[in-house]
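Could you slot chain X onto chain R? The hints should help.
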Amino acid sequence: MNSFPWLTLLIVIPIIGAIVLAAMPRESVTQAKKVALAVSLITLIVTIVTLFQFDSDSDQAFQLVNSYSWIPALGVKFSLGLSGISIVMVGLIGVLMPLVILGGWNEADDAIGSVKGYYSLMLTLQALLFGVFMATDRFLFYIFFEAVLIPMYFIIGRYGGPQRQYAAVKFLLYSLVGGLLMLVAVIALYVQGASQLGEGTFDLSALSTLQLDSGIQKWIFLGFFIAFAIKAPMWPVHTWLPDAAGQTTPGSAVLMVGVMDKIGTFGMLALCLPLFPEAAQFFAPFIVVLALISIIYGAIMALGQRDIMRLIAYTSVSHFGFIVMGIFAMTSQGMSGATFYMLNHGLSTGALFLIAGFLISRRGSSLIESFGGVHKVAPILAGTFLLAGLSSLSLPGMSSFVSEFLVLVGTFETYQWAAIIATVGIVLSALYILWLYQRTMTGPVAPGCENFTDLNTREKWSVGPIIALIIFFGFFAAPVLNAINPSVDRVMQQVGVVDPQPAISDNVTIPVDENAVVPLEREANDGEGGQS
Amino acid sequence: MNELIASVFETPVINYRQLSPILIILGAAVISVLVEAFVPRANRRVVQLVLVFLALITAIIWAVTGAGQQAITGEGAIAVDGPGTFLQITILIVSVFVAMLMAENRLDPAGDAFTARANSLPGSEDEREYTNRGWTTTELWPLFLFSVGGMLLFVVANDLLILFVALEVMSLPLYLMAAIARRRRLLSQEAAMKYFLLGAFGSAFFLYGSAMAYGFAGSIRLGDIANAISALPGPNGLIIAAVALLSVGMFFKIAAVPFHMWAPDVYVGAPSPVTAFMASCVKIAGVGVLLRVMYVAFSGLAWDWRPLFWIVSIVTMLVATILALTQTDIKRMLAYSSISHAGFLLIAVIALNPQGIASTLIYLVVYATATVGAFGIVTLVRGPSGEATHLSQWAGLGKRSPLVAGGFAILLLSFAGIPLTAGFIGKFTVFGAGIAGGATPVVIVGAVASMIAAFFYVRVIVLMFFTDPAEDGPTVVTPSPFTGIAISVSVILTVIFGIFPQPLIELAEKASIFIR
Chain R
1 MNSFPWLTLL
11 IVIPIIGAIV
21 LAAMPRESVT
31 QAKKVALAVS
41 LITLIVTIVT
51 LFQFDSDSDQ
61 AFQLVNSYSW
71 IPALGVKFSL
81 GLSGISIVMV
91 GLIGVLMPLV
101 ILGGWNEADD
111 AIGSVKGYYS
121 LMLTLQALLF
131 GVFMATDRFL
141 FYIFFEAVLI
151 PMYFIIGRYG
161 GPQRQYAAVK
171 FLLYSLVGGL
181 LMLVAVIALY
191 VQGASQLGEG
201 TFDLSALSTL
211 QLDSGIQKWI
221 FLGFFIAFAI
231 KAPMWPVHTW
241 LPDAAGQTTP
251 GSAVLMVGVM
261 DKIGTFGMLA
271 LCLPLFPEAA
281 QFFAPFIVVL
291 ALISIIYGAI
301 MALGQRDIMR
311 LIAYTSVSHF
321 GFIVMGIFAM
331 TSQGMSGATF
341 YMLNHGLSTG
351 ALFLIAGFLI
361 SRRGSSLIES
371 FGGVHKVAPI
381 LAGTFLLAGL
391 SSLSLPGMSS
401 FVSEFLVLVG
411 TFETYQWAAI
421 IATVGIVLSA
431 LYILWLYQRT
441 MTGPVAPGCE
451 NFTDLNTREK
461 WSVGPIIALI
471 IFFGFFAAPV
481 LNAINPSVDR
491 VMQQVGVVDP
501 QPAISDNVTI
511 PVDENAVVPL
521 EREANDGEGG
531 QS
Chain X
1001 MNELIASVFE
1011 TPVINYRQLS
1021 PILIILGAAV
1031 ISVLVEAFVP
1041 RANRRVVQLV
1051 LVFLALITAI
1061 IWAVTGAGQQ
1071 AITGEGAIAV
1081 DGPGTFLQIT
1091 ILIVSVFVAM
1101 LMAENRLDPA
1111 GDAFTARANS
1121 LPGSEDEREY
1131 TNRGWTTTEL
1141 WPLFLFSVGG
1151 MLLFVVANDL
1161 LILFVALEVM
1171 SLPLYLMAAI
1181 ARRRRLLSQE
1191 AAMKYFLLGA
1201 FGSAFFLYGS
1211 AMAYGFAGSI
1221 RLGDIANAIS
1231 ALPGPNGLII
1241 AAVALLSVGM
1251 FFKIAAVPFH
1261 MWAPDVYVGA
1271 PSPVTAFMAS
1281 CVKIAGVGVL
1291 LRVMYVAFSG
1301 LAWDWRPLFW
1311 IVSIVTMLVA
1321 TILALTQTDI
1331 KRMLAYSSIS
1341 HAGFLLIAVI
1351 ALNPQGIAST
1361 LIYLVVYATA
1371 TVGAFGIVTL
1381 VRGPSGEATH
1391 LSQWAGLGKR
1401 SPLVAGGFAI
1411 LLLSFAGIPL
1421 TAGFIGKFTV
1431 FGAGIAGGAT
1441 PVVIVGAVAS
1451 MIAAFFYVRV
1461 IVLMFFTDPA
1471 EDGPTVVTPS
1481 PFTGIAISVS
1491 VILTVIFGIF
1501 PQPLIELAEK
1511 ASIFIR
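In order, the protein sequences belong to chains R and X. The letter at position 123 of the first sequence is residue 123 when you use our numbering, and the numbering goes up by one with no holes. Just remember that our numbering sits 1000 ahead of the position in the second sequence, which is counted from 1.
If we strip away everything but chain R, and leave its shape as in the complex, we get (with noise of 0.2 Å):
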């Protein structure tokens, strides 16, 4: 059932760019740059044309199935293969990398590393983030899972700001943390399923057939949830990500908070509900608190920190508490909406980093209080700064609005008072991104930003296709949504969980469009979806 290897270029390609970058001499600057950069717009066009592919209609759960086999002793296959959830995140890293390597054009060019080094490490971690989202074996993931970790660490370490060294390692040893308890979870879940089913695998659909005793169960399901709970990163195991975002480069602290973090929620949505419905369900409550803590939490320290990244990175732990309540609240807006936020985040955080990064590179410093009137010398920068920050707080017209919105209603119908809690969040995040606009953009020229110019054409192309999509998501939000919902509607089933009643769900229609309540419509009308 292979079809074209579509998913498997993905990777390829990304990969040989790595290679051929690594192999360019190292003075060759300027053209290291080009040369990515052509990568990943042919990555894009691949990606494109995959989406394309997709049918939102289909009743597979894993669509464009590329299986190959690897190690048959271990059952281990090399398959890749889309969700409705995962081909969110494959459009992401697709779109987000040109953006990235256009928008962080020079910022390798004073490090001890190479500029080539960079990209070329770039291009493998974009390779391996696909790898991530598409991979349908627990053993592929697993290695992908953990391998990211490695460019990630290089660029940290290598290209980043003074105390690089620190953030590197910090980062590395927590991943490293939750990865090997998964790998004990990982290998747990393989032996129970070899004792159960004759033969050891790591396929998805095989794995949730186990009958799993409830005590391990819930061990295993701590594993997977402990390391998707650092990946996301959760209160209280968040505090890598300040530190990493602060020092890393920004082109690369997108693909840090904008994808690879989502790693977790995915895993989350997509492994831990799936394979673990009775644990899920059991540990459901403490997990929404969890994530209550983390939007109010993560909220507060943006309000307080004096560096731009890591205020942005802050505001990253909040949102990411929205995701994750969203998914736990087991209604079928919930996960649409946790699905659709994890875009939507990748989007309004990555325009927020790269702006960030083109005033830090303009000012050589990425404290609050070294801005001041920035809109008077260079008005584009600022507008744009403000379109992305209120995509942050998902102001009503952005796509981050529709998604935040679903997470809420969703979490409403099971827990009530979670959803109320969680809408302080929200005027918390007013608070924090607009009072970092007014420091940073209004008032006086403060010293030092009176020579700024404004976006060049390099810095336009680079934001303003993000821009374009908030807001087109933003008032069109149903082709993702089309794609998403069939997938949540899988998982809700495998859960063995339906939304409490629709009659709230109506209220649903009146902020965006019609399309958003697909998921509810096709359970009253035909109910399908057919176990996969």
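It is possible that part of the hints are untrue.
[Claimed, not checked] Derived lysine-lysine pairs resembling BS3-like cross-links, with alpha carbons at most 30 Å apart: (1) R:34 x R:460; (2) X:1399 x R:34; (3) R:460 x R:376; (4) R:218 x R:170; (5) X:1399 x R:170.
Don't read these hints as lab results, they were simulated from the structure.
Chain X in isolation, oriented as in the chain R frame:
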């Protein structure tokens, strides 16, 4: 008992075909002694090298072509079975690369890694004169061959007496080999002394345990002991004491905590190629024997020895990794890393299932592969007074010599068990066997220990790649093809086993049945 007595009167049946690898190596060792006696000093090195590599390669060919023909031979004293043959071939192949490291003579301006004359006083006029004459300790080679021969016998020995003899044949040459470093000779001699005393101590434990096992079972054959245990009506103090003493003897050899004290000092003091030999081949042989004795003779007593092994495994992993954190010397750090690997290997011994055997074999292969390369690279980084082993001297190596630092980083990642390196496959299979064998808590400790271990491996990578080199830092010397090949093969295999482990796993699974 009757069988034993009756057999005395028959001609013993010996399957020479199955024993040929051992005989080839030991025969070559004898010839090697004669070479020392009769070949003029100027030609000795070349003759010895030709002899050693010829012997090793012939033995590999015989072992590989003979693999699969299992036999209990030598009147039941030797069991050439799957794991035995697998380990023999592994030891032989690893020995080839270790021999390459030992043959290296371009790194040190004065010659190879071994002293000109072992009996000259360190720092004396004598020593200087012999060094100027370009002498070197070619006696190394017969010692090396005897030790390899002992290991080959050790992993197929089927009774406790042969085990003990093989243990001594393997160990005695090592004590001498540890003492003949060219640089820092006092340290080297101290290391040898320590190794000898503690090694003898361990051997005594082993012998005492063997005597008790004989007293209990009336036989030294592993299979007979197992039968006697299964016929046992209730608990028996004698055999428990025997198991405990035998385990302690073997824990000494594989350097499991709390019997690891000798390892860091000996690893640091011994010449690096010899350290590579100890860390790889001795560990392979020791763990192989531990596995055989526990699985074949004492599996019936698993309820009694497993708790002990649980504790030793947990303590080994934790203590070794935590102590490794505080090390500032690269060889010492690798020594503690090697100790921690003994702890991981014990997980597979505890598992007591076929996966346990297969995963031990896999782990030993990937561990030995990386170890030889790592110590090989240690010999390359040199200051004015020999190897630059202080960690701070490795700062910025990635900038000065990206290839060497890159290779070392891959080996360290493999030690840490990061995916896509061979070490991950080893850890994965061992953890899998452990969970399947009901040792999940130990596996969890293993995961925790892996995290701690990752920290100190990564610290070296940070040093090499993220910091600027010091002004008067060491240089990376270009080695002769000997070391170059050994290191490259080690790094390449580490990556290949990481990405395509299928053949290795298949072979190990095929070889994972003991006969008795």
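Could you grab the alpha-carbon distance between residue 34 (chain R) and residue 460 (chain R) and see if it respects the 30 Å cut-off?
-> holds, 17 Å
Given hint residue 170 (chain R) paired with residue 218 (chain R) - CA-CA distance at most 30 Å | holds, 28 Å
For the pair supplied as a hint, residue 460 (chain R) and residue 376 (chain R), confirm whether the alpha-carbon distance does not exceed 30 Å.
-> holds, 18 Å
Assess, step by step, whether the Cα of residue 1399 (chain X) is no farther than 30 Å from the Cα of residue 170 (chain R), and give holds or violated.
-> holds, 23 Å
Take the C-alpha atoms of residue 1399 (chain X) and residue 34 (chain R), compute the straight-line distance between them, and say whether it is at most 30 Å.
-> Holds: residue 1399 (chain X) and residue 34 (chain R) sit about 25 Å apart, inside 30 Å.
No hint from the list above goes unmet by this structure.
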